[in-house]
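Trainee: From first to last, the protein sequence lines stand for chains A and B. So the first sequence is numbered by the numbering used here: it starts at 201 and just counts up by one. So the second sequence is numbered by the numbering used here: it starts at 167 and just counts up by one.
A portion of the hints provided could be inaccurate.
Simulated coverage check for chain A against chain B, where a stretch passes if three residues somewhere in it have a Cβ under 8 Å from a Cβ of chain B [said to hold, decoys possible]:
1. 233-244
2. 261-270
3. 284-293
4. 299-313
5. 317-325
Hints in this document: simulated from the structure, not taken from any laboratory. Ideal Cβ positions, reconstructed from N, Cα and C, are used throughout, including at glycine.
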Amino acid sequence: MSKITLQVNGRSYDVDAAPETPLLWVLRDQLDLLGTKFGCGIGQCGACIVHVNGAPARACLTTVSEAVSAKITTIEGLSRDGSHPLQKAWCELDVAQCGYCQTGQIMSAAALLASNPHPSDSDIDDAMAGNICRCATYYRIRAAIHRAAEIAAGARGAGA
Amino acid sequence: MSEAAQLHMDRRSFLRLAAMAGGGLVLGHYARAADGAQIASAGVERVDGVFIPNAFIRIAPDGSVTVFSARPEVGQGIKTSLPMVVAEELGADWHSVTVVSAPLDAAFGPQSAGGSTSTPTSYMEMRRMGAAARTMLVEAAAQTWGVPADECIAADGAVRHVTSGRTLKFGDLVARASTLPVPDLHSVKLKDPKDFTLLGSRIGGVDNAKIVTGQPLFGIDQKRPGMAYAVYQKAPVWGSRPLKANLEHIKTLPGVRDAFIIDRTVPEGQLIGLVPGVAIVADSTWAAFSARRELDVQWEEGRFAKSSWDDYARQATEISKAAPGSPKVEETRRDGDVDQAFAGAAHVVEASYSYPFISHANLEPQNCLAHVQGDKVEIWAPTQNPDNARGLAAQVLGTAPENVRVNITRIGGGFGRRLRSDPVGEAVAISQKAGIPIKLTWDRTDDLQHDHFRPGGFHFLKGAVDAKGALSAWRSHHVSFGSNLGADDYPARFVPNYLLLNTRLDNGVPQGPWRAPGSCTYAWMICSFLDELAHAAGRDPVEFNLSVLGDKDLVAGTGKNGRPYNAARMRNVVRQVAEKSGWGKEMARGKGMGLGYYFSHQGYIAEVAEVTVSPKGVLSIDRVVAAVDVGSQIVNLSGAENQVQGSIIDGISAAWRQELDISQGRVVQSNLHEYPLLRIPDAPRAIEIHFLKTDYPPTGLGEPALPPIAPAVCNAVFAATGKRIRQLPMTRTDLSWS
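Model the full assembly from the supplied sequences, consistent with the hints where possible.
Mentor: This is the structure we're talking about:
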């Protein structure tokens, strides 16, 4: 075990963990950040997606030693109060069924919108292909990403 | 902490409620009504000024309404929809309603979530609960004003005196309402459905805000003080026992607290419940997972250690040649004379269909948190079947069921898997030995290889059409592993000459219900083969299937367990889906439309798929249209549409690529890289849903929209390419054309 300092959602955390420990289990078991989910452990399902320095990363394949000195954002840090356009759109269009995968879906979609504010259906399909929804809410996920793009554009317009 | 537990701690009123309900006193006591409906006979109890007309409803003096959701939420939306029913009858303002998951308690009546039964079982009951409370609030207002109650109406969280326009908010009526007698739940006046304002609208899931912000709602998110983490290794070959394991080495590994074998005496061949294995208890999930990689177990393998899918397929083909009356061939139904009909037929078609074992693949792996203290245990579990979980926990601990407290968490996907409680039994056994709270987490390999699988099967079919193109004979031999086709399964009763033979292969594979059990595979075989016969007859598939459905409206069931089939409802959805999909339009080569329809879980549903297949055989499902008849009332339109959309895509996912291979008595696949679930690029871009409102009681939607989609897609592929898919997954068939 070694002492490791992680920067998560703008806070600094000192944790005791073996360097090869996946970030996922430190977030869940030690930091009580339980919105990042375990689905497969091999980078297939996307339920554990977080942002590492702004880029989507699979927390089950990212070791804590790789995450040291990086800025990590989890779903709990995406917005302070659930007000990210994607979170609003997900509620407005009632996307979730069981809801288990949706935090990972939203984190992938947030990275997409950050680089492509008006994605096409094909852009969405490409960017979201790493996230499995077992309840198969894909139809609404596509619609909600388009809706979030609208909400974000409206907010930018209002701010200008 | 679960919501109910939170309330349990926060509010004395809940303690009082739970204590009284559990004690079988007036409040929340359940009785079976004469009409067979289960009704909570309500009693009035004033607790801290809160109005509690029955177990499901509490109204505080500030007007806030709490509605208990008794059924586990697996993603089917029941935690939103049944409280909507209560709120509708109550006349509550939905925005002031808080929904709380109930713990397992007799006060809440049936609490399982399976078989799409929650809506049909609880719809009227929830209406009566809301109506009883509303009646009391209205009476309280009428007494306050000194006016007749029938001059008052309840809406938007207030009672209004219609003639004078005076209003009193629910919160202001709580004190007086609590003193009034509870109306008889059988005769309480219900709203006229035409006056519904909430039901039928689109309401977002009550947990949505928590879901999108990552709140700890699920079983796997639960924690308790002093808790340790556990894994449980079972034998790759089902039904095996651990003989020895390198436990001493495992105990030396970082973070490991203990390792031990659990080998209770179980009946030979028992595949469900608590089965033998090796437990590792550690400081963290990762410490347990890491230690497990060094676990070395010697297993005593049972008599199915050499079984394989290929061998099952060989046995099935062999038995399919056997005549009716042969050993292992059960004659389930015989109408008319199929042999004579085949002899005189214009066209005879023979085909064999097969489908594999598949997994539920719940994205939240199986898990359970258990805390055993002496002869008592409290569990936190994502269970669809909390009563079953309590039973297994009590059995494992050797205690009475009342010593088991079950907290029902939100569930990361059910699909039938969590009607079974094996992870609960394991967690209880491990906590008992460890003496502390234990969270057991399965990894994905456990989940895929120790599922209670949807059984695979083989179906040998022979059908005929006569000179007029009418379906004249149907001979069917279904070979499966668990249950088989039933005597009344479609198209029995719709073909004059009909023979159904069934065989169950001896096997050691754990099996269980998978979304729309039976129907999820039967619909594919039956509607695909009907499509083959339509083409053999040279008839349009919609027109042919409508003619098979005949001209009788209600076809009686056979025998005392037979189920009636409402052919009129089915014809209506088939006609509707044909019309809305533009059935019959000209399509280019490589494009096609196909029909699937099935009666499942009390729902009548027809679907048309529109596909494109490239010359190289790459399939794209472009559009799906569904016509759905689940009775007189859609409860939550958003939830209902979500279920149909999800069922359609889930059905495509299962049929297209999912397959578990069995070799050497075990599942070959180990994780999702070998078990491809459908991803977003393959989801249809267009799904159109049409609900037909009919004069029948509302029924559930968790399952019935799934069965028709696989045949709709496969029949569309045939229309596009001339390639007939007779094996699942669909990837087994080369779809290229030129």
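Trainee: Hint by hint, note whether the structure agrees.
Mentor: Hints, one by one, checked against the model:
Coverage of the segment 233-244 of chain A by chain B holds in this model, with 11 residues showing a Cβ closer than 8 Å to a Cβ of that chain against a need of three. Proximity of the segment 261-270 of chain A to chain B, defined as three or more residues with a beta carbon under 8 Å from a beta carbon of that chain, is not established by the 0 residues found. For the segment 284-293 of chain A, the stated coverage by chain B holds: 5 residues have a C-beta nearer than 8 Å to a C-beta of that chain, and at least 3 were required. For the segment 299-313 of chain A, the proposed coverage by chain B is satisfied: 6 residues have a C-beta within less than 8 Å of a C-beta in that chain, meeting the threshold of three.
With 3 residues having a beta carbon nearer than 8 Å to a beta carbon of chain B, the segment 317-325 of chain A meets the requirement of three or more and the stated coverage holds.
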